[in-house]
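> Work the whole structure out from these sequences, hints included.
Here is what each chain is made of, one letter per residue.
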Amino acid sequence: MNTTRTDQLLSPALLAKLERMELVSRKVFRGRMKGERKSKRKGQSVEFHDFRNYVPGDDLRLIDWNLYARLDQLFLKLFQEEEDLHFYAMIDASESMNFGNPTKLHVAKQLAAALGYVGLCRADRVSVQALGPPGRHAPVLRGRASLWKMLNYLDEVDSGHNVSLYDGVKDFSNRNSGTGVAVLISDLMDKNGYETALRMLIGRQMDVFVMHVLSPEEIDPPLRGDRRLIDIEDGDAAEVTINTYVLQKYQETVKSFIGSVKTFCAKRSIVYLPVRTETPVETIVTKYLRERGVVR
Amino acid sequence: MNLIPSLANPLAWGLLGLIPVGIVLLYFLKLKRESVEVPSTYLWSKTIEDLHVNSLIQRLRRNLLLLLQLLAVAVAIIALLRPGMQGETTGQGRTVFLLDTSASMQAIDDGETVNRFEKSKQLILARIDSMSDTDTAMLITFSDRPETVQSFTTDRVRLRNSLKRIEVTNHTTDILGALKAADGLANPRRSSDITDVNDFQVADAKPADLLIYSDGGFPTVTEFSLGNLKTEIISMGSPIVNNLAITAFSTERNTEQPTEVQAFATISNFGSQSVATTATLSMNGEFLDAEAIEIEAGDQTGLSFTIETDEAASLAITLDHKDDLDIDNTAYTGLSPLRNVSVLVVTAGNTPLSVGLQTEKTSKICSPTFVTPSYLQTDEYALRASSGSDDLIIYDGCAPTVMPATNTFFIAALPPAKSSTLREIAPADASAEPVTAQESATTPTSPASDGANDIRGWKWSTEKSSVNLIDIERMHPLMRYLELFSLLIFSGRGIEGPPGTVELVGADIGSVLSIAPRDGFQDLVLGFDIISRDEEGNPQTNTNWYAERSWPVFLFNVLRYLAGAANASGAPSYRPGETVRLRLENSVHAPQVSCNDGPPKTVTPSPSGVIEIVDTEIPGNYLIENNSQLTDRFAVNLFSSRESSIAAVKEIDIGYESVASTTGGVDQRIEYWRWALITMLGLIAAEWWVYSRRVA
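Chains as they are written, first to last, in our numbering: chain A, 134 to 429; chain B, 130 to 825.
Hints in this document: simulated from the structure, not taken from any laboratory.
Where hints are given, some of them may not hold.
Using 20 Å as the maximum straight-line C-alpha spacing, the simulated EDC-like pairs for lysine to aspartate or glutamate come out as follows [as the list claims (entries may be wrong)]:
no. : chain 1 : residue 1 : chain 2 : residue 2
1   : B       : K175      : A       : D367
2   : B       : K451      : B       : E425
3   : A       : K324      : B       : E166
4   : B       : K250      : B       : D239
5   : B       : K335      : B       : D264
6   : A       : K382      : B       : D239
7   : B       : K175      : A       : D359
8   : A       : K388      : B       : E178
9   : B       : K175      : A       : E350
10  : B       : K175      : A       : D353
11  : A       : K324      : B       : E178
12  : A       : K388      : A       : E328
13  : B       : K175      : A       : E328
14  : B       : K175      : A       : D369
15  : B       : K451      : B       : E166
16  : B       : K175      : A       : E152
17  : B       : K309      : B       : D239
18  : B       : K175      : A       : E385
These figures come from a predicted structure and were not determined experimentally.
Structure below.
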């Protein structure tokens, strides 16, 4: 048991809290295995769903004999099926995420681990993966015991895989054909735009959550004077003389950017969740995400 | 009004405008940006997209440090260009400064630390400082005489140096000469007769501003027209003053008591309030007397002191009152010494006369020269008589044909009938035969003494006979201290003089001693011999006067009052700066002049014995000494009511115009460069503060 690694991402106290939580899906998906979630399938749970006419070949155990007695017709009694939920957590592992203290990537890992652990505890099908180069394998996990696998995987995730958000999501979509809850944890700072990536997830009929991770240094940069800003992803340089006016302008740009993402998500029923890295992950998961209906 | 004279040229403004542009370029060229890694330039790029629209302006905008630097440099440049605002000057570009250097400008008004002259210099200096490069100015001073200290020039340094050289004088004031000097270029005159239609005025008038820095004290100028001179009187001083002045101080010997001298002083109050103080009289530097005085404003009073002295003395009177003007608080005068007179005695031999002229006392004041009557025929005598080099000529028993140009004393002889002096007659006439006493005595009807022919001349009124004295004019200086009634006179004749003759001794035969004026000289005639001659020519006593004590006293009186050894009045007084001409005795060759016990200066007299003393600037007693013996003296005093009346005038009439005075307000150029410099320092401090704040 790697205690150190667990302590880095999830504290035992948080794990205890997470075990009592449950991921909330606004949609009902078809699962693959028997689980604890309602499914579109009709199955053998205790929860009544519907009646239908008997056709030859149906299981006679499902005939509602009371109705037959009253109506002299055979009806089958249908029950709601309970299956597992597919939960996908996508971590933007680009170089821009390796910024801040703690880094945005670290916070993203914590969030992914926390949500993944909630899913594991609820016997959901959990897949936590970094958006990296194509061909990178991410394990599909199920069951509480798979926590360590998930953490091992997250531990290996590092920044430096500068793929665009679109390419990462596309790679994810190609690998995972199922539907379910998809949580994208990213700073969305892709010069090619984040919109196409999100549209792709929507097109996959996913219940999409976007966790927009920003560090305080990005929202209110402690920079003044004549600076040459170098993009750590692509090495692009921008010469700027930072003064109060320019800073004010930048903050207006940040607000505008957040506002545009929020609008884009609202129009497409995507839950947008802004996350600041200085906020403890316990607070984010137990309070913030619960209030926003991500978990309960 | 030109705020920055150096930038009158638009090209200069252009060059000035390039400086900030250069600074901005250098600012960006030298800019070294610090590289900083950011997660993404995505948002920064979006931010500066707007700024890139007008990049340079946007970069400059809100760049406080650069703006402060630019401002500081701009202000420094402006400060170096010496910005300022010219006052409301006349703008004619030509200025004539007339500076009063008279004695009244020495006054220090109440509340001032410098006198009016120094204050005037400061005002002129301020004017010179405010001149632009194209302005030209001239500097003239005036007291009792004008002086062009600096002709028209645009060189402010020369004007300042010339102004620095000027010093105030003790002179009186006369502005006319200075006005004429200033008038030259402004009002050019025709070169010839104004009625000549062919004569055109060739010079163009150059109008000028005439600035007169004076406190007045000069007579109204009537014979002058200002013409193109735009005149401004800068009145120095205030109308409310405090000045007590001695306007006259003289001494007079009492003619009846020669040892008694009276000193008279006139004290005037030119101030605005009555003054009570004391006047102290000192003689030879020692306190002599003092008197309390109280004078109302604008009033005057007289003081008289009685002094007992028969010697030469230096007198000074001082007012024990501190007022605005010091120079008129002390006045000087002196008592002239007894002169050493030159006496020519023409006699065939007269022992009593010789002895009487060479006593111990008379020898101090007299240098007698004895000659015989034949000397009268020589050219040397003619020259001597005509030049008046002798103070007295005594003709004993003889007479010249023409009267000499000096006082005479005839003993038993009459002056020639035509009582004209040798100055009016050609020297050749002097060679005429002299008239002897015998001839004049034996031929009373001769043409020389013919009263019918010349009723204005001297003549015998009686034949020779014994003489009994009857009356003596005791009040006359010549007869002072004489007791003559015990005289025995064996033979004498009555005399009649021309109109104006004063009988000094009357006898039973008429006047035997008379004195009469002649062309400014005086002739004393005695009607009897002291020593007569018998038929063989042997001397005989004609009177016992020579044995009397009155004889040497009489001769001493003759020397003192007829030869002029004793001057009845005090030393003359001159104004400061006046040239003093004095005639000294011929024996004085290298007299030395000293003032108020100062170092003596040797002056050289002219061949006629006249010396000219020009260094009379300082008021005081001036002594002329020869071999440490006082020869002559005079005093220098201001004695000018105009100078002592130091209240500033409100208006001055020049020609037909009346010029109102101003209070001396100078349209001084207001300099801003100091403020600009302070602003620049403030900007640099602000820049440093901003920089430190950002670095921190």
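> Taken at face value, is the distance from the CA of A/D353 to the CA of B/K175 at most 20 Å?
Distance of about 16 Å is within 20 Å: holds.
> Hey, B/K175 versus A/D367, does the alpha-carbon distance stay inside 20 Å?
holds, 16 Å
> Given the hint that B/K175 pairs with A/E385, does the C-alpha gap stay at or below 20 Å?
Cα-Cα ~10 Å, so holds.
> Is the hinted pair B/K175 and A/D359 satisfied, with a Cα-Cα distance of at most 20 Å?
Between B/K175 and A/D359 the Cα gap is close to 18 Å, so the pair holds against 20 Å.
> Does A/E350 sit within 20 Å of B/K175, going by the straight-line distance between their CA atoms?
holds, 17 Å
> Please verify whether A/K324 and B/E178 have alpha carbons no more than 20 Å apart.
Cα-Cα ~14 Å, so holds.
> Is it true that the CA of B/K175 sits at most 20 Å from the CA of A/E328?
holds, 17 Å
> Holds or violated: A/K324 with B/E166, Cα cutoff 20 Å?
This hinted pair holds, its Cα atoms lying about 16 Å apart.
> Does the alpha-carbon distance linking B/K451 and B/E166 stay inside the 20 Å limit?
With Cα atoms ~87 Å apart, B/K451 and B/E166 exceed 20 Å; violated.
> Take a quick look at whether B/K250 and B/D239 sit within 20 Å of each other, Cα to Cα.
holds, 18 Å
> For a C-alpha distance cap of 20 Å, please report whether B/K175 and A/D369 respect it.
Measuring from Cα to Cα gives roughly 13 Å; hence the hint holds.
> Straight-line Cα separation of B/K309 and B/D239 no greater than 20 Å?
Since the Cα atoms of B/K309 and B/D239 sit roughly 34 Å apart, the hinted pair is violated (cutoff 20 Å).
This entry does not satisfy hints 6, 15, 16, 17, going by the numbered hints stated previously.
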